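Visitor: Note that the protein sequences, when read in sequence, are chains A and B. According to the numbering used here, numbering within the first sequence proceeds without interruption in unit steps and concludes at 119. According to the numbering used here, numbering within the second sequence proceeds without interruption in unit steps and concludes at 1109.
A few of these clues could be false.
[Stated by the list, open to error] Dumping the calculated PhoX-like pairs for lysine-lysine here, alpha-carbon to alpha-carbon at most 25 angstroms: (1) LYS1096/B <-> LYS1003/B; (2) LYS20/A <-> LYS42/A; (3) LYS20/A <-> LYS66/A; (4) LYS1096/B <-> LYS64/A; (5) LYS14/A <-> LYS55/A; (6) LYS1003/B <-> LYS42/A; (7) LYS14/A <-> LYS64/A; (8) LYS20/A <-> LYS55/A; (9) LYS1096/B <-> LYS1052/B; (10) LYS42/A <-> LYS1108/B; (11) LYS1003/B <-> LYS41/A; (12) LYS1096/B <-> LYS41/A; (13) LYS1108/B <-> LYS1003/B; (14) LYS1096/B <-> LYS42/A; (15) LYS14/A <-> LYS66/A; (16) LYS55/A <-> LYS1096/B; (17) LYS1003/B <-> LYS1052/B; (18) LYS1108/B <-> LYS66/A; (19) LYS1003/B <-> LYS20/A; (20) LYS1108/B <-> LYS41/A.
Source of the hints: derived by calculation from the structure; they are not laboratory data. Fair warning: this is a prediction, and the values are worked out from it, not measured in the lab.
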Amino acid sequence: GAVVSQHPSRVICKSGTSVKIECRSLDFQATTMFWYRQFPKKSLMLMATSNEGSKATYEQGVEKDKFLINHASLTLSTLTVTSAHPEDSSFYICSASAGLAGHSYNEQFFGPGTRLTVL
Amino acid sequence: LAKTTQPISMDSYEGQEVNITCSHNNIATNDYITWYQQFPSQGPRFIIQGYKTKVTNEVASLFIPADRKSSTLSLPRVSLSDTAVYYCLGDNQGGKLIFGQGTELSVKP
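Between the sequences and the hints, there should be enough to build the whole structure, so can you do that?
Guide: Quick look at the structure:
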């Protein structure tokens, strides 16, 4: 199956610094990727839709200047948490969809997630 | 996108069949019903997807009645490793997925 990777898997940073998280589709091209965040014991919350070569579409309540998304190629999207604060500590997950041969639907593949801790 | 409702938690024992039902009264005509599994500190993993009637793959079956207002994920003979959170979603294949609360399944020895 298709593989999506994230880097780093976990990061600890000081308050006020910026953190970049990478999401890569390893064996397929994804024109669209998605970013979610998940708090402990809670469900995934969609933050934004990342489209290759264009601006990301943010969900209501998500600050686009706080969470910068760049989708520079068909295999890479990045999420930068700017001026991170302790309340930004969370589990960030990306996903990518692809219409793969042999599938009758566009399955969405998720990355393993990135644990961000802001001190 | 359809709002889904699932039981918050379920308990089972190894070897039993587990059925998790999801309500989606407002499912759109072009929405598929997709189920994902998530282990702690991991991304969700696709389990199965269907439109109506019954779909079966190597890990699960999905039953969708004709009115499509609900669906049931069936896991045959669960093991301890099936302990996870299971999410039911309406999926219009436009990519955007909205996750509900999910069902936390606990499988005991």
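Visitor: Next, verify each hint and record whether it holds.
Guide: Structure-based check of each hint:
1. LYS1096/B <-> LYS1003/B: 13 angstroms, holds
2. LYS20/A <-> LYS42/A: OK: LYS20/A and LYS42/A at ~23 angstroms, within 25 angstroms.
3. LYS20/A <-> LYS66/A: 12 angstroms, holds
4. LYS1096/B <-> LYS64/A: 18 angstroms, holds
5. LYS14/A <-> LYS55/A: 28 angstroms, violated
6. LYS1003/B <-> LYS42/A: 16 angstroms, holds
7. LYS14/A <-> LYS64/A: 21 angstroms, holds
8. LYS20/A <-> LYS55/A: 17 angstroms, holds
9. LYS1096/B <-> LYS1052/B: 21 angstroms, holds
10. LYS42/A <-> LYS1108/B: 22 angstroms, holds
11. LYS1003/B <-> LYS41/A: Holds. LYS1003/B to LYS41/A sits at ~20 angstroms (cutoff 25 angstroms).
12. LYS1096/B <-> LYS41/A: The hint holds at about 22 angstroms.
13. LYS1108/B <-> LYS1003/B: At roughly 30 angstroms apart (the allowed maximum being 25 angstroms), LYS1003/B and LYS1108/B break the hint.
14. LYS1096/B <-> LYS42/A: Status holds; Cα separation ~19 angstroms.
15. LYS14/A <-> LYS66/A: The hint holds at about 16 angstroms.
16. LYS55/A <-> LYS1096/B: Holds, at roughly 16 angstroms.
17. LYS1003/B <-> LYS1052/B: 18 angstroms, holds
18. LYS1108/B <-> LYS66/A: 43 angstroms, violated
19. LYS1003/B <-> LYS20/A: Between LYS1003/B and LYS20/A the Cα gap is close to 32 angstroms, so the pair fails against 25 angstroms, i.e. violated.
20. LYS1108/B <-> LYS41/A: Since the Cα atoms of LYS1108/B and LYS41/A sit roughly 20 angstroms apart, the hinted pair holds (cutoff 25 angstroms).
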